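Q: The primary structure of each chain is shown beneath.
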Amino acid sequence: ELKVEQNPLFLSMQEGKNYTIYCNYSTTSDRLYWYRQDPGKSLESLFVLLSNGAVKQEGRLMASLDTKARLSTLHITAAVHDLSATYFCAVDSSGGSNYKLTFGKGTLLTVNP
Amino acid sequence: EADIYQTPRYLVIGTGKKITLECSQTMGHDKMYWYQQDPGMELHLIHYSYGVNSTEKGDLSSESTVSRIRTEHFPLTLESARPSHTSQYLCASSEWTVGIQYFGAGTRLSVL
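Residue numbers (the numbering used here), protein chains in the order written: chain H, 1 to 113; chain S, 1 to 112.
Note that these hints are calculated values from the structure, not bench results.
No experiment lies behind these values; they were computed from the predicted model shown.
One or more hints might be untrue.
[As the list claims (entries may be wrong)] Simulated coverage check for chain H against chain S, where a stretch passes if three residues somewhere in it have a Cβ under 8 Å from a Cβ of chain S:
hint, segment
1, 15-24
2, 76-84
[What the hints assert, rightly or not] Not the full set, but computed from the structure, chain H residues with beta-carbon under 10 Å of chain S:
hint, residue
3, SER42
4, GLY53
5, PHE88
6, SER93
7, PHE103
Even for Gly, the Cβ is constructed at its ideal location relative to N, Cα and C.
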């Protein structure tokens, strides 16, 4: 059974600081997704990482994937208040093109002025 | 911008009632999913479909049922709602290239 673990689960940081969220998973997979969820809202896709060494960047967020270590990171650079949200990683456990995802518990990020 | 719609957004009902949560997408995606999410918690897959007339149970056992008679429509039904069914239900569909799932706004269900 695929397990996906995120840490930290809660992250309170000051504006302007950098931090990294980690996502570990237990079985082989070459597809990993990051989503953002604002309070009371649905999920929004941020990144999809498809191969070992993949790196994607959008604004102050950068995601990377190491399939050998079964680890993905979401790095936040110079945080701003608008980044406050819950961030989920999800791993495709089905193989092929079935796209059946297992989600981590999420990291609740609060960026304080 | 993904076009996936869920109705109702909020539903408060009494125990024992039958309910159907609607989910429709206009993107022509074959794959569709239902997740259950308690506030501040992770998503649990309860049903999925790879196309018309295809439905499978997900990782989390659920007393709900689903149907997929048309590509664009994936409704979820609870025959007899109980307070333990109180949760948020999220519907998603997946594009075929890299599997990004697009989510609806969700239905918040409260069973009294």
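Q: What are the numbers of the hints that this structure violates, sorted from low to high?
A: 1, 2 and 4
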